[in-house]
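Q: Chain by chain, the residues run as shown.
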Amino acid sequence: MYEVRFHGRGGQGAVMAAQALASAAHIEGNYGVAFPFFGAERRGAPVLAFTRVDKDRIYTKTQIYEPDYVVILDDRLIELVNVAQGLKEIAVAVVNSQKKPEELDLGIPIKTGVVDATSVALEVLGAPITNSSILGAFAKTTGEVKIESIEGGIRDIFGHRIGEELGEKNAKAARAAYEKTEVGTCRGERKMEVKKQWLPTYKELPLGAATRPMQTDAGLVGPGSFIDNKTGSWRTFKPVYDKDKCNMCRFCWFYCPEGCIYDKKEEMVFDFDYCKGCGICANECPKEAIEMVRD
Amino acid sequence: MVEKRVVTGNYAAAYGALLSRVDLIAAYPITPQTFVVEHASEFVNNGMLDAEFMRVESEHSAMSACVSATAAGARTFTATASQGLALMHEVLFIAGSAHLPIVMPVINRTVAGPIGIWAEHNDTMPQRDTGWLQCYIESNQEVLDMIIQAYKICEDKRVLLPMMVNLDAFILSHTVEPVEFPDIEDVDKFLPKYKPEHARLWPEDPMIIGSFSPPEYIQEIRYQTDESMNNSRKVIEEVNSDFAKAFRRDYYGMIEEYQTDDADAILITLGTVTSTARPIVDEYRDAGKKVGLVKLRFFRPYPTELIRKIAEKTKAIGVYDRAVSFGSGGPSWIDARSALYGYNIPVINFLAGLGGRDVMASDVRLMFDRTLEAAKEGKAKKDVVWIGTRGVEP
Amino acid sequence: MKDLPDEELFTAGHTACPGCGCPIMVRAAMKIFGPNTVCYFPANCLLVFGATYPQDAFKVPYLHVLFENSAVCASGIKRGLKKLGKGDVNVVAFAGDGGTADIGIQALSGAAERNEDIIYICYDNEAYMNTGIQRSGSTPHGAWTTTTPVGKKIAGKELYKKDVPRIMIAHDVPYVATASIGHPADMLRKLEKARDLKGFRYLQIFAPCPTGWRFDTAKTVQLAKMAVDCGLWTLYEAEDGKVTINKKPKMTPVKDYVKLQGRFRHMTDEQIDSLQEWANKKWERDSAMVIE
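Protein chains in written order, with my numbering: chain A, 1 to 295; chain B, 1 to 394; chain C, 1 to 292.
Calculated directly from the structure, the hints in this document are not laboratory data. Note that beta-carbon positions come from the ideal geometry of N, C-alpha and C, so glycine has one too.
Once the Cα atoms are required to be at most 30 angstroms apart in a straight line, the calculated DSS-like pairs of lysine-lysine come out as:
hint: 1; chain 1: A; residue 1: Lys264; chain 2: C; residue 2: Lys193
hint: 2; chain 1: C; residue 1: Lys2; chain 2: A; residue 2: Lys230
hint: 3; chain 1: B; residue 1: Lys189; chain 2: C; residue 2: Lys86
hint: 4; chain 1: C; residue 1: Lys225; chain 2: A; residue 2: Lys264
hint: 5; chain 1: C; residue 1: Lys86; chain 2: B; residue 2: Lys157
hint: 6; chain 1: A; residue 1: Lys287; chain 2: C; residue 2: Lys250
hint: 7; chain 1: B; residue 1: Lys195; chain 2: C; residue 2: Lys82
hint: 8; chain 1: A; residue 1: Lys287; chain 2: C; residue 2: Lys247
hint: 9; chain 1: C; residue 1: Lys86; chain 2: B; residue 2: Lys195
hint: 10; chain 1: A; residue 1: Lys245; chain 2: C; residue 2: Lys2
hint: 11; chain 1: C; residue 1: Lys259; chain 2: A; residue 2: Lys287
hint: 12; chain 1: A; residue 1: Lys169; chain 2: C; residue 2: Lys152
hint: 13; chain 1: A; residue 1: Lys203; chain 2: B; residue 2: Lys193
hint: 14; chain 1: C; residue 1: Lys225; chain 2: A; residue 2: Lys245
hint: 15; chain 1: C; residue 1: Lys255; chain 2: A; residue 2: Lys287
hint: 16; chain 1: A; residue 1: Lys265; chain 2: C; residue 2: Lys193
hint: 17; chain 1: A; residue 1: Lys172; chain 2: C; residue 2: Lys152
hint: 18; chain 1: B; residue 1: Lys193; chain 2: C; residue 2: Lys82
hint: 19; chain 1: C; residue 1: Lys153; chain 2: A; residue 2: Lys169
hint: 20; chain 1: B; residue 1: Lys193; chain 2: C; residue 2: Lys86
hint: 21; chain 1: C; residue 1: Lys2; chain 2: A; residue 2: Lys238
Distance windows between CB atoms, simulated:
hint: 22; chain 1: B; residue 1: Arg128; chain 2: C; residue 2: Lys162; range: 31 to 41 angstroms
hint: 23; chain 1: C; residue 1: Lys162; chain 2: A; residue 2: Lys88; range: 48 to 58 angstroms
hint: 24; chain 1: A; residue 1: Phe38; chain 2: B; residue 2: Tyr341; range: 34 to 44 angstroms
hint: 25; chain 1: B; residue 1: His89; chain 2: A; residue 2: Lys191; range: 44 to 54 angstroms
hint: 26; chain 1: C; residue 1: Glu7; chain 2: A; residue 2: Gln85; range: 35 to 45 angstroms
hint: 27; chain 1: B; residue 1: Pro215; chain 2: A; residue 2: Lys88; range: 22 to 32 angstroms
hint: 28; chain 1: C; residue 1: Lys162; chain 2: A; residue 2: Tyr202; range: 42 to 52 angstroms
Turn these sequences into a full structure, and let the hints guide you.
A: Okay, structure coming up:
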């Protein structure tokens, strides 16, 4: 049996990748199971998906805590979440990155396959959707599954969801990524900081969870506490502001869904702790004082 | 001055709300509960009760209004029956998990299908897992007294849960009998104003109630409800004694025992069948047959330890149910059997009076006879006995 | 807009998708309503992205009970507070269009009929987005959703958008208004008016959803404006039943609005014509509500 954890962002299709791998295993006569991390998924927010494969029927229904393989759809996630959680020295990583394996630091030095899946996807699909290409890299790096089976799994899962034609294109993307995958060893110097979670006993938990603002050992909870949640990490693009063009009309301040553009009287200030990079401010600026650039 | 009048169970329920000085009533009419709402409307419109009255468009909304107003810090009251309770079902859980001490008389009525309006407990029994205390009532006086006691029990900091006060359709709801009405000043002393601390939606003290919660928290919330439910046993006994001291009427708390001390066979009843069974116990005792009766006053929390003590002093137990869990047996019997695991005595289930069919003295005699027979034999001829069902041998 | 306070009663750190139209409305509404406010949320995106236990973006009291009972829960809070001598508190329900037009309409109608003293805001993003883009009564004709998929036989929603504001006007309540995040001055004025009136107040605020409508996250406000321009969303208000149109639509072609969104990508010219016809009729209907 082997277990795989996929790290992606909401909207990147990590779940479809996990399912296509299960389907690929099925094609080879194995038993493949794929499941999401059960929760509310928001676009851009870090998400998880899992695949479990064995020769025989899998009865285990628990989540995966110590995966054999970790697949990272977006190398910026390495900065955000503990991708090394539960990994052992014999684990293997597959990463979408422009860097070489040796340039990556996953917090544990393990065998690592790298492909610039974003470029592959742009080339083959015309869109930066990496969930199919990364599977090609998985086949190449791990040898657990043949690239032909990956192609079959993608045709099956993607084909049913988004149509035969797109399924075929995604299979091509996986093959292209397979050819371009480089395998080496990543570095393991990073100390991953895991955000502490507030886990009160039933007695510490306010009755019925009716909660007032409180400072806990894991930060603020209750009314107004979301301010502790730095959503800036979701960003792909960021606004660049030209003070000279700004007429202080405050439209960007008003329209910002995050409320993270502040009016400092002389200029507008952007709070990148929270900016998700939606681009509404740039789109609505009557003076074109804001431009979105790749972060 | 204490007043004594001949009134219906529905009037007693509404008057209980008046004496408890509820802040808000939200209700929707359903037979046979309508008179509760009508009387309450009169009290409010005549200025006898200073309460907000929400004449809502469904029972779902009635319970939603009570939940929200209680979360805002008010003492609330509603009443329902049957389909109305079924429609409230999903809202009931919220009151149980958010610890909102709402009190609601339920006029036990048949749940369709097919549609019927007479007494059956298949409306309240399926609500047993919603986090509500459930008390089954025998007389109109007990209805009035238990509405008042219910607020005291529910608002106790060790409990903070809602309660259903269940009375049989027509047999109590529409039957008049003498009821003593305590002075409201005496009730005020017994039941002070509700002072919410754990849950209140006040802008000067913001809190979040009922928000989307991941698995890391809900299991502890479940445990809290379970613990409160378990705590309530002690509070029920305390409130019963305080009430007995203040108003000279004792209901004995979780259960009431009648002639149980040396009984060979004991019947556990709930609701109005208890009354029918009392004189039959006397009749059997006079004939030298040692039978006893346990009135199961509270079904939630279940009086597990007390039922075990009953089992220790008898040879066989019969359990009467006015509801059935299809393919299993009566809900009260299922809990009795579970409580009595490891007790080597027969525990028989008697199902009678479903759909509001009258439970007659002869039906109750059959229950005692069958339990006595099991006491003698050391085992029951049949576990689940349907009484008075055409084509079915009891 | 210049007078709005800087303080955010709905803080950053919430987890709405990038470019979500809803928080634009919520931030503004909370600035208008102020701290003496209690909020109710049914099941919807805002429930989840506005607070996921133990965290919460709202600095004012927050209650969730269930999905279909927003109007009565808000009423229950208000009545309870009134009895406790706190009758001056604003009680606001923030429901989505599915929770309003479909499952919540019974409680909504009941609360409106009783003229409960609450503000009910429907943020209209034209589908059940929280559960993954299923059609609601408020989804427009032709739109793809996961339950109105683009199939070989049927493509998109065959039916038309349910007109809830008109249903609410029929309840004879003190205030009904439609608004859009693309028209801030108009929206803010209506939020203020709603705050200052007594009795049942209903606002339906148009708030595009880039995730569900399939468009570039930067275009949320632009699309909100275009919907008003093409007549698919009319800005009006009804005070004690008297209707005023706040902005006469330019009646730009519906096609221009449709082509920017993935949810309409499959639409044939015929389907677009049907939607255009509906927009024309809508304007006829809406403008006919004004009695000279």
